[in-house]
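Colleague: Protein sequences appear in the order of chains A and B.
Read in order, the letters of the first sequence correspond to residues 0 to 416 in numbering that gives the first Met the number 0.
Read in order, the letters of the second sequence correspond to residues 0 to 255 in numbering that gives the first Met the number 0.
Possibly wrong hints are sitting among the right ones.
What the hints assert, rightly or not - Simulated restraints, written as ranges between beta carbons of each label pair: (1) Ser402(A) x His13(B): 25 to 35 Å; (2) Thr145(A) x Leu176(B): 54 to 64 Å; (3) Tyr104(B) x Ser178(A): 36 to 46 Å; (4) Leu215(B) x Glu52(A): 46 to 56 Å; (5) Gly62(B) x Glu98(A): 39 to 49 Å; (6) Asn310(A) x Gln110(B): 47 to 57 Å; (7) Ser8(A) x Arg50(B): 41 to 51 Å; (8) Tyr58(B) x Asp158(A): 19 to 29 Å; (9) Tyr58(B) x Tyr290(A): 30 to 40 Å; (10) Asp158(A) x Gly91(B): 26 to 36 Å.
Claimed, not checked - No farther apart than 27 Å at their CA atoms in a straight line, the calculated lysine-lysine pairs in the BS3-like style are these: (11) Lys228(A) x Lys61(A); (12) Lys143(A) x Lys154(A); (13) Lys351(A) x Lys103(B); (14) Lys154(A) x Lys185(A); (15) Lys26(B) x Lys106(A); (16) Lys228(A) x Lys317(A); (17) Lys61(A) x Lys317(A); (18) Lys159(B) x Lys29(B); (19) Lys154(A) x Lys375(A); (20) Lys29(B) x Lys106(A); (21) Lys114(B) x Lys103(B); (22) Lys106(A) x Lys159(B); (23) Lys19(A) x Lys228(A); (24) Lys287(A) x Lys103(B); (25) Lys351(A) x Lys106(A); (26) Lys29(B) x Lys229(B); (27) Lys19(A) x Lys308(A); (28) Lys29(B) x Lys351(A); (29) Lys106(A) x Lys287(A); (30) Lys351(A) x Lys26(B); (31) Lys317(A) x Lys351(A); (32) Lys103(B) x Lys159(B); (33) Lys143(A) x Lys19(A); (34) Lys159(B) x Lys26(B); (35) Lys351(A) x Lys159(B); (36) Lys114(B) x Lys287(A); (37) Lys106(A) x Lys103(B); (38) Lys229(B) x Lys159(B); (39) Lys375(A) x Lys151(A); (40) Lys317(A) x Lys106(A).
Think of the hints as simulated: they come from the structure by calculation, not from any bench.
We treat Cβ as the ideally placed atom computed from N, Cα and C, and that holds for glycine.
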Amino acid sequence: MENQFLVDSEFLSPEALARKHRLETDPSARTNHMEYMPGMERIESDVCARVMEQMNAYDYQKYTARDVRAALEHETCSIEDLKALLSPAAEPFLEQMAERARRETSKHFGNTVYLFTPLYIANYCENYCVYCGFNCYNHINRMKLTREQMEKEMKVIADSGMEEILILTGESRAQSDISYIGEACKLARNYFRMVGLEIYPVNTDEYRYLHECGADYVTVFQETYDTVKYEQLHLMGHKRVWPYRFDAQERALRGGMRGVAFSALLGLSDFRKDALASALHVYFLQRKYPYAEMSLSCPRLRPIINNDKINPLDVHEKQLCQILCAYRIFLPFVGITVSSRESARFRNGIVKIAATKVSAGVSTGIGDHESRYSGKESDGEAGDEQFEIDDSRSLQAMYRDISGEGLQPVLNDYLYV
Amino acid sequence: MNNDTLIIGGHEFHSRFILGSGKYSLKLIKAAVEDAGAELITLAVRRANTREQENILDYIPEGVTLLPNTSGARTAEEAVRIARLARELGCGDFVKIEIMRDSKYLLPDNQETIKATEILAREGFVVMPYMYPDLNVARDLVNAGAATIMPLASPIGSNKGLATREFIQILVDEINLPIIVDAGIGRPSQACEAMEMGVAAVMANTALATAGDLPLMAAAFRQAIEAGRKAYLSGLGRVLSRGASASDPLTGFLRD
Numbered sequence: 000m001e002n003q004f005l006v007d008s009e010f011l012s013p014e015a016l017a018r019k020h021r022l023e024t025d026p027s028a029r030t031n032h033m034e035y036m037p038g039m040e041r042i043e044s045d046v047c048a049r050v051m052e053q054m055n056a057y058d059y060q061k062y063t064a065r066d067v068r069a070a071l072e073h074e075t076c077s078i079e080d081l082k083a084l085l086s087p088a089a090e091p092f093l094e095q096m097a098e099r100a101r102r103e104t105s106k107h108f109g110n111t112v113y114l115f116t117p118l119y120i121a122n123y124c125e126n127y128c129v130y131c132g133f134n135c136y137n138h139i140n141r142m143k144l145t146r147e148q149m150e151k152e153m154k155v156i157a158d159s160g161m162e163e164i165l166i167l168t169g170e171s172r173a174q175s176d177i178s179y180i181g182e183a184c185k186l187a188r189n190y191f192r193m194v195g196l197e198i199y200p201v202n203t204d205e206y207r208y209l210h211e212c213g214a215d216y217v218t219v220f221q222e223t224y225d226t227v228k229y230e231q232l233h234l235m236g237h238k239r240v241w242p243y244r245f246d247a248q249e250r251a252l253r254g255g256m257r258g259v260a261f262s263a264l265l266g267l268s269d270f271r272k273d274a275l276a277s278a279l280h281v282y283f284l285q286r287k288y289p290y291a292e293m294s295l296s297c298p299r300l301r302p303i304i305n306n307d308k309i310n311p312l313d314v315h316e317k318q319l320c321q322i323l324c325a326y327r328i329f330l331p332f333v334g335i336t337v338s339s340r341e342s343a344r345f346r347n348g349i350v351k352i353a354a355t356k357v358s359a360g361v362s363t364g365i366g367d368h369e370s371r372y373s374g375k376e377s378d379g380e381a382g383d384e385q386f387e388i389d390d391s392r393s394l395q396a397m398y399r400d401i402s403g404e405g406l407q408p409v410l411n412d413y414l415y416v
Numbered sequence: 000m001n002n003d004t005l006i007i008g009g010h011e012f013h014s015r016f017i018l019g020s021g022k023y024s025l026k027l028i029k030a031a032v033e034d035a036g037a038e039l040i041t042l043a044v045r046r047a048n049t050r051e052q053e054n055i056l057d058y059i060p061e062g063v064t065l066l067p068n069t070s071g072a073r074t075a076e077e078a079v080r081i082a083r084l085a086r087e088l089g090c091g092d093f094v095k096i097e098i099m100r101d102s103k104y105l106l107p108d109n110q111e112t113i114k115a116t117e118i119l120a121r122e123g124f125v126v127m128p129y130m131y132p133d134l135n136v137a138r139d140l141v142n143a144g145a146a147t148i149m150p151l152a153s154p155i156g157s158n159k160g161l162a163t164r165e166f167i168q169i170l171v172d173e174i175n176l177p178i179i180v181d182a183g184i185g186r187p188s189q190a191c192e193a194m195e196m197g198v199a200a201v202m203a204n205t206a207l208a209t210a211g212d213l214p215l216m217a218a219a220f221r222q223a224i225e226a227g228r229k230a231y232l233s234g235l236g237r238v239l240s241r242g243a244s245a246s247d248p249l250t251g252f253l254r255d
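Same shape as in the complex, but just chain A:
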């Protein structure tokens, strides 16, 4: 079964609709997704080749229960062991994997669970990514926060007690340029201890500028490491360029960022291969930049406005848990974030096994924190959401629930130096 991503909006002009259909049906109408566009920085790196070599050779059907048992017995998890742990043969060993993952998490992170919240400051987007609520052909309320609106949102969030913020935008250089994002970072430094960014990939000097503005962590989701599938899902815009996106974390580190985060969006392609590639992307980059802090997340596809049928297909909670355990066993020292795309029940369970960071008080819309946090009627407009969240717990509720599980919620463990 496949997701039915393509939805036509009645608000598009006949010309726009024709162009959209052509992009969807005629590959020759699309640009070469492996070719850099003007202005995109190219860096020398062998990380991509190493990851892709492993992923392309990965035949998960060949692994057996014996390989999985051996992987669980090894003190250090090798790449081969990781492949076994991600294979279907490991599914019956989920409980043992969880036990091992829990031990590793406890050794490296103790009982701590970090909390953060995302802040979407704009939802304009110049890309046509068929599964995303922000895609340029989707008819949604578009909005970009002014400086005053941003500050108001940040105040509301900071007043809730949150100390770490992740600033997000849609991928539009025209609407959300670097200086606009830089100003958001400077403002956020006044209200939060830690500022992270999840924006369109940029060049090294631009990452350096954003770092100077106060951001220290950069998240870029590769979405899928399957370049053929990537080409079929990201039909237009800068985001279409797969290799420029792949090297984003490396450019961010060269630009002085302390940490970088990685992910594939599970449900887009073969999730076992995508999970392997994500873990190896971290693994090889960490070997090259050993001082960098690395983290992984594991989002699954969610419904969006105008398409409530989108779902993560064969990536059920069991498979998600298997992947998270495999990540933890292979990379015991990395942070693992589980977002509000997942249910409260799943998140309560997974923080005891493998996850070290969860979001709370989440909105994926623009400018609606005051109405969400206080229940007050919004006095202004709001921009629509990127996707539907599942776990809508507030910071207070999340803090209480995590403490209730015998874990220690942590709001900050970071200094900007």
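Keeping the supplied structure of chain A fixed, place chain B upon it in accordance with the hints.
Modeller: Relative to chain A, chain B alone:
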């Protein structure tokens, strides 16, 4: 035994258990102070950088000395900045230098640590550098003004015990400052073993933080450290660990 005090930078301590930072919880601090007898508690400055209501600074009991650390620093310069910030926050003059350029094993960077020790000792800090046990580096740290030397037993959080045992023994034998074993001590028996070797104190965190019964484990550490210390002072520890002497003296043939 009552006069057997540990002196660091002119300050006197009766306990030889130091609580490390990292896995932080108020329950842990309570157990460390009440059950393990800790008088020195590490505090990551970055962790104290919070508005949380349960602020760790407010929870440190009277009579306990704070040992702020520079975790998060990747260079000497960053460590110095964090140490100065700790002083501004009112954390006192003690500072544990931690400089890591490796996010996987969290191994300390000895070269940068020497540089930071020199700067901070000059500024009047009581400097306790966390280091990989290397004799030359330890001597450089002494010359740079360190108050103690803190070699790692094994990688942080690994619970692997005294993986660097032989090299720590060399430091104990050759360096005239208290040697405090930091990182890797996973169980009370390992703490006891380190103390038998002549180590001045033991720092632990994960071993306590992840124990089933925190106060009980804290008490076990206290007893193990005291037992190891007594064994060392009795003179037996060295003999046991270095091999027994032959029953007929090898030099019995000497006449005058």
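Colleague: Between Lys114(B) and Lys103(B), does the CA-CA distance stay at or below 27 Å?
Modeller: Holds, because 23 Å separates the two Cα atoms, which is no more than 27 Å.
Colleague: Below or equal to 27 Å on CA atoms is what counts here, so check Lys229(B) against Lys159(B).
Modeller: Since the Cα atoms of Lys229(B) and Lys159(B) sit roughly 24 Å apart, the hinted pair holds (cutoff 27 Å).
Colleague: Starting from the range 36 to 46 Å, see whether the pair Tyr104(B) and Ser178(A) falls in it by beta-carbon distance.
Modeller: 39 Å, holds
Colleague: So if I understand the rule, the pair passes when the alpha-carbon distance is 27 Å or less; does Lys287(A) with Lys103(B) pass?
Modeller: 12 Å, holds
Colleague: Can the restraint linking Lys114(B) and Lys287(A) be considered satisfied, given a maximum Cα separation of 27 Å?
Modeller: 25 Å, holds
Colleague: Hinted pair, alpha-carbon criterion (27 Å max): Lys317(A), Lys351(A). Please report holds or violated.
Modeller: 15 Å, holds
Colleague: Holds or violated: Lys61(A) with Lys317(A), Cα cutoff 27 Å?
Modeller: 20 Å, holds
Colleague: Does Lys287(A) sit within 27 Å of Lys106(A), going by the straight-line distance between their CA atoms?
Modeller: This hinted pair holds, its Cα atoms lying about 24 Å apart.
Colleague: Honestly, do Asp158(A) and Gly91(B) meet the 26 to 36 Å range at C-beta?
Modeller: 32 Å, holds
Colleague: Do the beta carbons of Ser402(A) and His13(B) sit within 25 to 35 Å of each other?
Modeller: Because 34 Å falls inside the window, the suggested range holds.
Colleague: Does Lys103(B) sit within 27 Å of Lys106(A), going by the straight-line distance between their CA atoms?
Modeller: Cα-Cα ~13 Å, so holds.
Colleague: Does the structure keep Lys154(A) and Lys185(A) at a Cα separation of 27 Å or less?
Modeller: 14 Å, holds
Going through the hint list in order, the structure satisfies each hint without exception.
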